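Enquirer: Here is what each chain is made of, one letter per residue.
Number of protein chains: 2
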Amino acid sequence: MMEVTKVTAYNELSKEELLELKEQLETQFTEIKGKNLSLDMSRGKPSAEQLNLSMGMMDVLKSDSNLACEEGVDCRNYGVLDGIREAKQLLADMMEIPKDNIVIFGNSSLNVMFDTISRCMTHGVLGSTPWCKLDKVKFLCPVPGYDRHFSITEYFGIEMINVPMTPTGPDMDIVERLVSSDPAIKGIWCVPKYSNPQGITYSDETVHRFATLKPAAEDFRIFWDNAYGIHHLYDDKQDYLIEIFMECKKEGNPNMVYKFSSTSKISFPGSGIAAIGASDENLKEIRRQMQIQTIGHDKVNQLRHARFFGDISGMVNHMKKHAAIMRPKFDTVLSTLEQELGGLGIGSWLAPRGGYFISFDSMEGCAKKIVAKAKEAGVVMTDAGATFPYGKDPMDSNIRIAPSYPTLEELKLAGQIFILCVKLVSIDKILESK
Amino acid sequence: MMEVTKVTAYNELSKEELLELKEQLETQFTEIKGKNLSLDMSRGKPSAEQLNLSMGMMDVLKSDSNLACEEGVDCRNYGVLDGIREAKQLLADMMEIPKDNIVIFGNSSLNVMFDTISRCMTHGVLGSTPWCKLDKVKFLCPVPGYDRHFSITEYFGIEMINVPMTPTGPDMDIVERLVSSDPAIKGIWCVPKYSNPQGITYSDETVHRFATLKPAAEDFRIFWDNAYGIHHLYDDKQDYLIEIFMECKKEGNPNMVYKFSSTSKISFPGSGIAAIGASDENLKEIRRQMQIQTIGHDKVNQLRHARFFGDISGMVNHMKKHAAIMRPKFDTVLSTLEQELGGLGIGSWLAPRGGYFISFDSMEGCAKKIVAKAKEAGVVMTDAGATFPYGKDPMDSNIRIAPSYPTLEELKLAGQIFILCVKLVSIDKILESK
Numbered sequence: 001m002m003e004v005t006k007v008t009a010y011n012e013l014s015k016e017e018l019l020e021l022k023e024q025l026e027t028q029f030t031e032i033k034g035k036n037l038s039l040d041m042s043r044g045k046p047s048a049e050q051l052n053l054s055m056g057m058m059d060v061l062k063s064d065s066n067l068a069c070e071e072g073v074d075c076r077n078y079g080v081l082d083g084i085r086e087a088k089q090l091l092a093d094m095m096e097i098p099k100d101n102i103v104i105f106g107n108s109s110l111n112v113m114f115d116t117i118s119r120c121m122t123h124g125v126l127g128s129t130p131w132c133k134l135d136k137v138k139f140l141c142p143v144p145g146y147d148r149h150f151s152i153t154e155y156f157g158i159e160m161i162n163v164p165m166t167p168t169g170p171d172m173d174i175v176e177r178l179v180s181s182d183p184a185i186k187g188i189w190c191v192p193k194y195s196n197p198q199g200i201t202y203s204d205e206t207v208h209r210f211a212t213l214k215p216a217a218e219d220f221r222i223f224w225d226n227a228y229g230i231h232h233l234y235d236d237k238q239d240y241l242i243e244i245f246m247e248c249k250k251e252g253n254p255n256m257v258y259k260f261s262s263t264s265k266i267s268f269p270g271s272g273i274a275a276i277g278a279s280d281e282n283l284k285e286i287r288r289q290m291q292i293q294t295i296g297h298d299k300v301n302q303l304r305h306a307r308f309f310g311d312i313s314g315m316v317n318h319m320k321k322h323a324a325i326m327r328p329k330f331d332t333v334l335s336t337l338e339q340e341l342g343g344l345g346i347g348s349w350l351a352p353r354g355g356y357f358i359s360f361d362s363m364e365g366c367a368k369k370i371v372a373k374a375k376e377a378g379v380v381m382t383d384a385g386a387t388f389p390y391g392k393d394p395m396d397s398n399i400r401i402a403p404s405y406p407t408l409e410e411l412k413l414a415g416q417i418f419i420l421c422v423k424l425v426s427i428d429k430i431l432e433s434k
Numbered sequence: 001m002m003e004v005t006k007v008t009a010y011n012e013l014s015k016e017e018l019l020e021l022k023e024q025l026e027t028q029f030t031e032i033k034g035k036n037l038s039l040d041m042s043r044g045k046p047s048a049e050q051l052n053l054s055m056g057m058m059d060v061l062k063s064d065s066n067l068a069c070e071e072g073v074d075c076r077n078y079g080v081l082d083g084i085r086e087a088k089q090l091l092a093d094m095m096e097i098p099k100d101n102i103v104i105f106g107n108s109s110l111n112v113m114f115d116t117i118s119r120c121m122t123h124g125v126l127g128s129t130p131w132c133k134l135d136k137v138k139f140l141c142p143v144p145g146y147d148r149h150f151s152i153t154e155y156f157g158i159e160m161i162n163v164p165m166t167p168t169g170p171d172m173d174i175v176e177r178l179v180s181s182d183p184a185i186k187g188i189w190c191v192p193k194y195s196n197p198q199g200i201t202y203s204d205e206t207v208h209r210f211a212t213l214k215p216a217a218e219d220f221r222i223f224w225d226n227a228y229g230i231h232h233l234y235d236d237k238q239d240y241l242i243e244i245f246m247e248c249k250k251e252g253n254p255n256m257v258y259k260f261s262s263t264s265k266i267s268f269p270g271s272g273i274a275a276i277g278a279s280d281e282n283l284k285e286i287r288r289q290m291q292i293q294t295i296g297h298d299k300v301n302q303l304r305h306a307r308f309f310g311d312i313s314g315m316v317n318h319m320k321k322h323a324a325i326m327r328p329k330f331d332t333v334l335s336t337l338e339q340e341l342g343g344l345g346i347g348s349w350l351a352p353r354g355g356y357f358i359s360f361d362s363m364e365g366c367a368k369k370i371v372a373k374a375k376e377a378g379v380v381m382t383d384a385g386a387t388f389p390y391g392k393d394p395m396d397s398n399i400r401i402a403p404s405y406p407t408l409e410e411l412k413l414a415g416q417i418f419i420l421c422v423k424l425v426s427i428d429k430i431l432e433s434k
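Chains as they are written, first to last, in the numbering used here: chain F, 1 to 434; chain B, 1 to 434.
Hint data in this document are derived by calculation from the structure and do not stem from the laboratory.
Errors might be hidden in some of the hints.
Note: identical chains are not told apart, hence a pair may lie in one copy or across any two.
List of simulated lysine to aspartate or glutamate pairs, DMTMM-like, C-alpha gap at most 20 Å [said to hold, decoys possible]: (1) K284 / E154; (2) K133 / D396; (3) K133 / E218; (4) K412 / D280; (5) K133 / D235; (6) K392 / D361; (7) K138 / D204.
Since the structure is predicted, the reported quantities are computational estimates derived from the model, not experimental observations.
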């Protein structure tokens, strides 16, 4: 059991108490800085230990293997535009959609999303005016969110509108109001499960409200990036997400959603396989582009994945091994936050049940300073602001913590340094108003 | 030595002689049709025997291999946007450019070309107006050419202008005149070596004239798809191509060319690696797009290729094994054409020294009928017209023959059927005017 200690919130301390505390903390900070550490909590990438879990994949196909896929096609040669059958089945099960509603792509779902936006720009959506011909195109961006989503829409000159996240997903009152009233709003970025960076899973009601949206724009699409669909941390407690495509179909809006996913954080980042899930009509349009863009994606790698995982149950079992490595890392960061910052009133965070991140909210106006101070002591964090469109966090308070890559020992140390930075920057902030 | 037989050109035969000949040929045709054959000379894809040459690639990386690349990065994880060092070196040597002027992509150079055009559409070229904002964008298309090039420009609504091929490459008088006078002309598709479908290699003078073009459009680019750079058929006779990027640089036009290539017909089609070669300034723009579009391409596959081939000399040796398989196939088709059609005045062709195709020109207005007739007898050819923009061959005479995929036995048979169809259709054509 955790020891119960009496904690006083910082803003209840006197100026003198704060100054004394600051002095102590600065001594600690100077000491740590002197160690010339180099720690990285910035990147949502798997650790080497996690990558080792998939090394068996290297032995699945050998020089004497038969590389024909289920439909009899030689995977080494041209042919099969939208994915071999066994890869479709595997990823369709992973994405919880019928295998006729999936198209397999290359190694990156981000690339699929980019290409999707690019196609909308040059060719529109199911006959609509190409977005590049419009004066203004807007996207809704639940915040905090995934910086690389925002980079895509920014790259294409699409105006981004912040929508606050709530514990049940994006604020749907705002989403509904904007989507139904403004025909320039063409899409919304969503990471519906174990969201980046908060680890929030959209509630059943939220998903259902998405499916019943009445967009002013006929070419409005929900960009549903289910990047962490089976990336649980715990066996005994996990989040559940109802399936958006079927909800949309039931509500008569089958074309309204594009689902994206990949095996990047299941097998190897950069050497996995990605997919899009969508309605028949959407996929027809996607395939029309695809057959101009490529002769086909890497079928050998599709076959390697299908044979390595076998089926979705094999993949889910594989994810339990990832979880066993990730869980203590998340627990370490979370317990450090709890023990060191609990009750101090200078930061808040959520304890996610999956995904790759812990989202920390500092006092207003402190995030940039905390990240800069951590860097001073050799701890690299994701840039403050990165979780918002244009890199601008209006409150300057959100910081994304990525616990996956460092070792447990490194994390403990990095966590302590981070805490120290939060405390020091917060004290300065409170002192300003004393 | 070939037996010398006296041959009379078909148009010198009398009506009666032609009718008699036709009757004989039709008997043969009916007989062959009765065999219900299924042969395919349509696709420029390697045979299974060729694919077997690269099966050793499956054993290069094993579960106990170290997957770190030369710069020390773990290829299994995120990182390294534009290609690992050893893959860059290998493909730079293959493309005859400095390794600092290359970016490695995914599995398909066609995809790189598509993305390049797409980027020009949405973002322009080095600050020029995005092509999608212009009333008219035009491309020059040397004909006959590669159908998939033309499909890309057609997909983006770019107007295509035919430029006739000559034995030394595109007619440069026409290219120079058009490019220097019309600012709507933004590019030209080139397969400069062992061209698709004719197997023509651009002469030194042609390449040099390309490098000295004075385009009316500042954002004019040469799309230089050197798909068959090391795809020779013969050890003792091969074509040489001077290097365009250096020529352009010497002439003060370093930004004017994008070079494309891939290992699709070296290792595995669809599971190879592709690359773009260009100037520093062009690559800067390309990387700017790339870092929005993807976190990185498949580095494990890059590593697999680099370790399998070792270096360019290893790759060139590997291509000699491909040549040993391809050579008798080309020789079979060429000797069939020579023996059966030589001197008849009903068709012409070139004997390429490399690449994947033999281009056949029938009498005007006969290509569609020949292809249809061959299909009737169970031989699939590339659609007549496919080698021209919009699928429209103004003379209806060009037919692309792809000898790589069928076995030698199949090729002999398919060749005989093709000859028969050429003769029958040509006789009808000549009879019309008798």
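Enquirer: Taking the numbered hints from earlier one at a time, note which ones the structure violates and give those numbers from smallest to largest.
Expert: Going through the list in order, the structure violates hints 2, 4, 5, 7 and respects the others.
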